[in-house]
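**Q** Both chains come to you apart, so use the hints to assemble them.
This is what each chain is made of:
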Amino acid sequence: MSWFHTWSGLLLGWLLYAVFFTGTLSYFLDEVNDWMRPELHSSVPHNNALSAEKAIATLQTLAPEASNWTINLPNARQTAVEAMWRPQGAQGREGMKRVQLDAATGDVIPVRETRGGSFLYRFHFELYAMPRIWARWIVGIATFVMFVAIISGVITHKKIFTDFFTFRPRKGQRSWLDAHNATAVMALPFHIVITFSGLLLLMTMLMPWGADAVYDGQGNRFNAERRGMVMAPNGQRPANAQAGGQREGRGRGEDAQVKPVDLAPIAPMLAAAQVQWGDRPVGSINIQNPNTRRATVELREEGGQSLLNRGTGARLLFDGVTGEEKEAAPVRDVSSAAAVMNSMISVHLGRFADPAVRWLLFLSGVVGTFMAATGLVMWVVKRQPERRKLGYTPKGHRLVEVLNVAAIGGLSVAVAGYFWANRLLPVEMAQRSAAEINCFFVIWLLCLVHAAIRPHAKAWLEQMALAALAFVLLPLLNVFTGGSGLWVTIPNAQWSIAGFDCMMLALACVHAAVVCHLVKRTSAKSRAAAASKVTGVTPMKTALQAQEEQA
Amino acid sequence: MMGWSIWLLSVPAFAALSLAMGKHHEQVFAQEITPQQQWRWRAVGVLLLALSLVVSLHYWATSVAIVAWLGGLTFAALFVGVILTYAPQRLRLLALLCGLLGVWVSLISW
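Heads up: the sequence lines are chains A and B, in that order.
Be aware that the first sequence starts at 1195, since it is given in the working numbering, and climbs by one per residue.
Be aware that the second sequence starts at 17, since it is given in the working numbering, and climbs by one per residue.
Okay, chain B solo, but in the shape it has when bound (with noise of 0.2 Å):
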């Protein structure tokens, strides 16, 4: 359950990172990033990524969270691309609920 959580959590992380990218926040918002949202994405998207990763780090021991938040990152990124490709209109609902999911799987698997 609290595998799903690390993936659940990268998955707004990479999206704000995405966002915070000039090409893909004119496919989602249709205007042109400024510099100010720019640092808000990113810093929206580094600390959820940070936040999976204390979440790994309390269900695994150090080596296997590490390894295990590695890959549910490349998992949560192949996704954001995808979304990005076939659907850019659905990223934000998307990673809003697997945000909240993450959360509430933390949550009660804590």
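Okay, chain A solo, but in the shape it has when bound (with noise of 0.2 Å):
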């Protein structure tokens, strides 16, 4: 089982490394969104009343004949007011219009062209260039060998448990395969459900032969049961459940005719939601048939209260016109297969959680970062003393050296040049997105050209001095490029710039104690080879010999 886990571990190790990397920024994806738009960072949420009316009053000069508002309210971890609508007849998502208006002002902020972290998110299971499919495909692979090698970790590897507890430092091999134990059994609770949901987020595209034998091959039907929305027995959405389209723009046919009916206003159901959902606030609006009879206003609560419903909050509907709270639709109650079903992909998603649990998610992905780098060093670590014994370094060796260091390094380094290029590129770019997107991944070769080129503790050394640096002026950047800096951020209670800010903070601290880590072990083996001199032992000897000692 031992050289299973050896090999997997290094082969897909590299690529489960950009997963967990890619995927544990991914839960702070509202955050990174904000930062990366940094027009946005002028617009500071005081009173989530005002931000929706004054919402209301855009949308109403916006999209007057919209058949459908959505209005997401700035919260912890979006600083902007969201504003959607539907034109009429528009269907799907791709229908929705969407604005970003400031919380105070209600006005339209103009937004630069990013994907955001939304290309860090989609990176973590579609990578790039590649046919979505395809990388599906890679990407679950990987997550089912890292299921199996966990499981079959816990079983055949028994002295985990004995060694639960144990770190030993400055013990070369030693202290890296406690490492590595250490974050792959103390965070194993978080890596078995990672993996298994991840799983189950791909289930359709990996097993699909259940749904299609019960389904007859319409999956859609299988999905929207799943979800536990009802269907007709031909696939098709009965028309009462149908929200949007054909039945609305009738409706709206009808009332064109006569003169558009004034809307309620929003503070008073606001008022309502707050007395009886207590400190839980109002996350968004929905707004039906605006400016029609048939108008109705649904609030939703921000944020979830259970992973079994998939973190959906409790909701108020009102008569649009009337302002009169009406019987909203009962909850249909989950099904235990669909309840587990949710609570695994909530759990993987993160989007129920409140701040305590979004972080513990964040840091335990942190842990499994950690458990795939110092995987990666142990092979190289492990294959000293026989490259000792060679007098050589044979080149499977080097080159698991060259893509460790460009996939753990240089990952960090493409990661700290995407946000530089989000702020250094013009705004009014052409395919602006796209440029940042090459900018990073350019960045990312020439980290591979560079470990390739340089020794190997130097390409370490170089790549994370040069991440520490690039990520700890990221505030700095955030700045002089239009964004608000801490000290403006924190007073305004703007959390999700601030965390974002202090995050890259925390990931530079990271990386310079490992750079600490690397200069010392460095000038130990230059003492070393300063001390072999006199004696007489070849420098080469005794320099591999100190850095094993320190490794």
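It should be emphasised that the hints constitute simulated quantities derived from the structure, not laboratory data.
Values in this document were obtained by computation on a predicted structure and should not be read as measured data.
Glycine included, each C-beta is placed from N, C-alpha and C at the ideal position.
Wrong hints could be hidden among the right ones.
In silico negatives: residues of chain A with every beta carbon more than 12 Å from chain B [said to hold, decoys possible]: (1) H1199; (2) L1204; (3) F1358; (4) T1360; (5) P1363; (6) A1405; (7) L1667; (8) W1681; (9) L1699.
To be clear about the criterion: a stretch of chain A counts as covered by chain B if any three or more of its residues have a C-beta under 8 Å from a C-beta of chain B, and this derived list gives those stretches [stated by the list, open to error]: (10) 1371-1381; (11) 1550-1561.
**A** Below, the structure is given as structure tokens:
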């Protein structure tokens, strides 16, 4: 079993490291998106009731004829108001129009073109520049192998439990193994759930046969039933469950003859929600058929209390014209199978999570990233004695060294470079978001070249130092390229932006710690080389020994 | 606030579980562990873990509570591991402090 862990770990480790790194950052997707659009930083939310009124006023001028308005109010993870509307007759997600509004004034904020954190999020399961299905298969297979490796690892490596609390620093390979074990075993619940739920998310692609057999290949019907939607037997949605579309279009047609109807003020509805929900705020407002007699206003609670229903919160429904509360459709009970599925997926996505749980998931992701990194480094460290015996470095070992530096150090530099590109590329540039992503990959490629032409220890040191420097300067770059600095965002409680800046500083600290460790190791090595001149031992040999002792 | 008490209560729990292991018992008390002591430390550890689960279940809905509890355990165990590596003599004091603080935080925010 051990050989399987070693070799699958090596081959998939580079991919899994990238998946872990970008996936962990994706727990702060909204924060990254806010930071990467510095135009939004001037929007300081104070009073969500006021923001809602202003947003409705803006939508009234932008899209009075729309069939639906949705307003996502600012919260700890979002500093501006996101307003969306569906023009008459538009279908699907693509039919939605979307703008960002200033929380205080309701003015439209024009934002730069960027994929933002969504690029990192998509990259962690769809990679880039290859057919989506291929990428999902590659990541799916890697996830599957990791799941097998976790389960078999727990069974075969019994020693991980007797060494549960053991870390032996400054012992070369021993220390790397201890660190690898600790990060793997102590975050084991996270690793098991994240890999298993990752497989569940790709379930219908990896294993379509069960659903195919039962649903005669009607995948969309299976998915709809799984999400608790009602479907008629022929796979069409029944007319009464159809949101938007023709039925409401007809309603609009009748109303178009008469004068538009004024909407009831939103503030009393928000107040009613506050009475019922206490300190749990309203997250979003959904207005169906605005400016018509059949207008309805639905308030949705921010976040949710349970994982079983995919983190859906409470809802309140109001008549849009009279402002009276209406009976909301009863929340359907989820079946046990759906509850298991939902709870797994919700943990993976973390959308439900309050800040404490979100941070736990993020830090667990960091631990997982460390696990992948220590495993990769260990492959090299473990083979040091063999190399010493041979007296030269086999090509395969050198290849692994180069790929390790590029996969670990290079990815950090590339991610930092992506954030830099976001601010340094001209705002009005054509195909700007693609250019940002190209910067990411070009920098990553340059890191690979750098790792190949520099000696191993130097390559580590230089890339880690560059990453630390790039991360630590990002909060400053933020200020000089139109964003708001920490001294503005913290007093204003703009936690999404402040959180991103703090996260960059934390990343800089982690990389700086690695740099310190590497510098100490190098100076110990040069001391050993100096000593060996006196004693007459070949410097190469002592240097390698010193490196191993220090590793 | 309550989120912290899960971690605070799991630190003494994992400290007790580590003291039930011969290697770490010797590290901290400089004497070999007797089977009786071993069972006693294990019982203390398991009880404290159960207590932190109860606190978590009180604070969150069951599904989220289990996630938060397991997350808290991860970082409590890592913390105990770090202490055992770099300052094993401090383990008893730190665990005691964490435990008391955990009980206090749970009580005031119950």
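**Q** Against this structure, judge whether each hint is valid.
**A** Verification of the supplied hints:
Residue-level check passed: H1199(A) sits 21 Å from the nearest beta carbon of chain B, beyond 12 Å. For L1204(A), the shortest C-beta to C-beta distance to chain B comes to about 25 Å, beyond the 12 Å cut-off, and the non-interface label holds. Non-interface call for F1358(A) relative to chain B: violated, since the shortest CB-CB distance, roughly 7 Å, does not exceed 12 Å. The Cβ of T1360(A) sits about 7 Å from the closest Cβ of chain B, inside the 12 Å cut-off, so the non-interface label is violated.
Some Cβ of chain B comes within 12 Å of the Cβ of P1363(A); the nearest lies about 6 Å off, and the non-interface call is violated. Chain B leaves A1405(A) outside its interface by the beta-carbon criterion, the shortest separation being 25 Å against a cut-off of 12 Å. With 12 Å as the threshold on Cβ separation, the claim that L1667(A) sits away from chain B holds: the shortest Cβ distance comes to roughly 29 Å. Residue placement check: W1681(A) keeps its beta carbon more than 12 Å from all beta carbons of chain B (closest about 27 Å).
The non-interface label for L1699(A) is consistent with chain B: the shortest C-beta to C-beta separation is roughly 20 Å, beyond 12 Å. Coverage of the region 1371-1381 of chain A by chain B holds in this model, with 3 residues showing a Cβ closer than 8 Å to a Cβ of that chain against a need of three. Residues of the region 1550-1561 of chain A with a Cβ under 8 Å from some Cβ of chain B number 7, which satisfies the need for three, so the listed coverage holds.
When the structure is compared with the earlier hints, violations turn up for hints 3, 4, 5 and for no others.
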